[in-house]
Amino acid sequence: MASVSLKRAPKRVVTFDVFNRRVRTLGMIAFSVAVLAVMMLLAQVLGVDGLQTRLDVRNQPPSWANPFGTDWLGRDMFTRTLQGLTISLRVGLIASALSAVLGLLVGLAAATLGGWVDAAITWLIDLFMSLPHMVALILIAFVFGGGVNGVIASVALTHWTGLARVIRAEVLQLKTADYVQLSARFGHSKMWIARHHLLPHLFPQFVVGLLLLFPHAILHEAGITFIGIGLSPHQPAVGVILSESMRHLSTGYWWLAVLPGLALLVMVKSFDALGENLRALLDPRTAQE
Amino acid sequence: MLSVRNLSITFAMYEAGLRRRAITPIAGLDLDVRAGELLGVIGASGSGKSLLAHAVLGILPSNASAAGQIWFKGELLTPARQEALRGKEIALIPQSVGFLDPLMRVGRQVRRAAQLSGASSPVEAQRRIFERYGLRPQDARLYPFQLSGGMARRVLVSTAAVGQASLIIADEPTPGLHPEVVAETLRHMRELADEGRAVLLITHDVGAALTVADRIAVFYAGTTVEVAPVADFQGDGAALRHPYTRALWRALPQNEFISLPGAQPTPDDLPAGCLFAPRCPLATAECRAARPELRPVRGGWARCIHVES
Amino acid sequence: MVGAGFSMLDVSFTMLMLSFVIKKAARLAALLLMLSAVAFALVSLSPIDPVTAYVGADMLRVGPEQRARIAERWGLDDPPVERYLRWLGQVAQGDLGVSMIYRQPVIEVIGQRFLASLGLMGAAWLCSGVLGFALGVLAGGSAGSVFDRLVRWFAYVLASTPTFWLALLLLIVFSVELRWTPICCAMPAGIAPEDVTLAQRLHHLILPAATLSILGVANITLHTRQKLIAVLESDYALFARAQGETRWSLIRQHGLRNIALPAVTLQFASFSELFGGSVLAEQVFAYPGLGQAAVPAGLRGDVPLLLGIVLFSAVFVFTGNTLADLAYQLLDPRIRLAQLA
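Chains as they are written, first to last, in our numbering: chain A, 1 to 289; chain B, 1 to 309; chain C, 1 to 341.
Everything labelled a hint here was simulated from the structure, so no lab data went into it.
Treat the numbers as computed from the prediction; the structure is a model and nothing was measured.
Every residue gets a Cβ at the ideal spot worked out from N, C-alpha and C, and that includes glycine.
A short, non-exhaustive set of chain B residues, derived as facing chain C with CB atoms under 8 Å: (1) Arg86; (2) Leu92; (3) Arg112; (4) Leu116; (5) Tyr143.
Excised from the complex, chain A in its bound form (with noise of 0.2 Å):
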């Protein structure tokens, strides 16, 4: 029986179509952009005519001239949203991109100088990981003085964490692979294997990385924005919007909470699906899936 050795056949079989799949996560990649390109675009387009203060429309609710209606000066919350979302985009892709640049450097700093840093830098993830976000984040933009500095540097700061443990993982990983320790036995550098070896693996890693802490840093800067330790409101981001409309909560105006929370929550999930989208595409594990 020796002689006669085979393969069993799979016990499970996969089932789905990877042509459709493969479509799919395209079109759910087109759209995500799409939804976000709109929005983008439309907030330039708008630009900040329906800002001005306008009595005689105070506190409409939607219709066709104002979709989101329009608040207790009269300005049109379409716009509102549209400029916050945007001010609220532009700082999550500043927090994110430092977030993401930080778990990038410590990353590799723990996988390539291993010993003491590696032990340090674990820990120093563990003891980030320890305390609730929200609490870290309210620690941190106090100790920058609040303010878009205060919501950069804490949402930045508190979101690196898991970007490093995947990309010091991946590190150590290739470090070990049989193509890497051959390319040092030819002879060439560390810097050359860095550049032909490590950053072709580490660039789709740090993208979807980067792509899926966009929303993340997004909602949170939303979060502490509006509880008023984050954006002042000099600087009306959503959280700010969502913030005022409290105060008119018992009005009954409801669409200047509910609508542009929804707008968020629209974005928020462009960019999750985009970066889990792409994620499937990149990853060699799920793109056969």
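Starting from the known structure of chain A, fit chains B and C onto it as the hints suggest.
Same frame as chain A, now just chains B and C:
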């Protein structure tokens, strides 16, 4: 008791890329087993042996489809009928302790099997079956991971023997076990047959099957190539009908210990003619042209055109 | 003989638990030490002047001498290391200082506020756990069905939903439009706390707890669904089906048993998100819990309170993770018995 006629099992697969593909790991499988008989079903890994068990029980994965006929006690099986018979009339003895719930005490698992088989008192049934297989009452409180190899075998046999199933399918019940445990497990199989049950002993261990079986069915690449009384396995194998069976017999350590060169074809790359032709010493152009039928030969069955009836 | 065996088991079990507790306590002590150092260093870097924060709007009326007196009383002009060590010494004795905003010891503020939050978080924790588990089982058991798709879609959308917006939505629907629930706070206004009935307290608890529950459901649902599907594809599920189990009886017999422990563990490990969520939810509902106190502490620079909350929330999260560990040690026979052996 059980008759399988021209069974084939097809899996729908989607390849990386765009094509949809069907693979057929079992094609043209036939066998019979009678009450009180132990039929050894032997074949290499990948010859579709486990799938046979799952097909009879009606628990194939959802993307598999079975064609052909399975008769049980003179009745053609349908999915609904299989569901009614599972655990009551037909019982399975699985390969390893990995088929037991890791978080449930084994006594409870045997009691549950008894309950599903329709026993009036599962507690009493479990106590009796433990006694019969030399398991202590306190062993019922163990979890699967605490069982030794021998105890695990006895527990697995208990789950099937605790009910009144008239057909017991043992799927590879002696993998990598201590020789004593193998012998004990085989003895248990024989006892089950001697009680009047029909036993299908599915294994790749030809030597083990020969010690207890009444008849042997030989699988090759998902098809039955021969059914022979166990007495035909003797001497130089002249009484055997199919060249593959003879090769298996000769490959045993106590015989010539010569293994057959080459490998069984994979389900997605089957030859057009006789499945064994690429490795067969007797193969001719005729063999490669068409699949031979299974036909009666000297009190057994064989799927070969070169054997005289 | 058997009896002796069991008592031996008890002894070794006690030893095991003892070493577990000692190990965890040491870890917690190390964590708090490091965290306090980092947090204290961070706070010292803040540009917000603690004296200004303390005095607040009255700053204009405070002269330089008075300012110096306050600084001296608080020891604010000493070198940071000295201040840290002094503060650490007090913390070690259970003295977290006095909250500048509430003008009472931090430990009392945290105690009172946490008690209020505990009810809220406890209710949300239980509801989200039970509901999420149930939804996960139903979705996983009917994987691929319309119901399953619906549940998954719901969970994914919830994961992107801002907590405070959900709180606002619930407020608008149930408090403003339907008038079923109160608009804020933990009890009706104008009633002495001792006269508030349990029913009134619960009535005020519903919406904040619902907010946290709904958000907590997503994670546990998706996780449970995934685990159940894996269980249903396992070898032991196949064997159970061969024994005559049907889909739902299989889930009852083997599914729940095998997914309960990971779910419980996950739920304990979610203390961090629970606390974070309570900060936002309590803010919207003006619910006087610990989360709501964290906001002004950061906003107005109440350093002692902020540091107190940082340390306390770390203990809270640590407790959750430890309970998750403990659940595995106690409930999984493979770990429990393997360690005893």
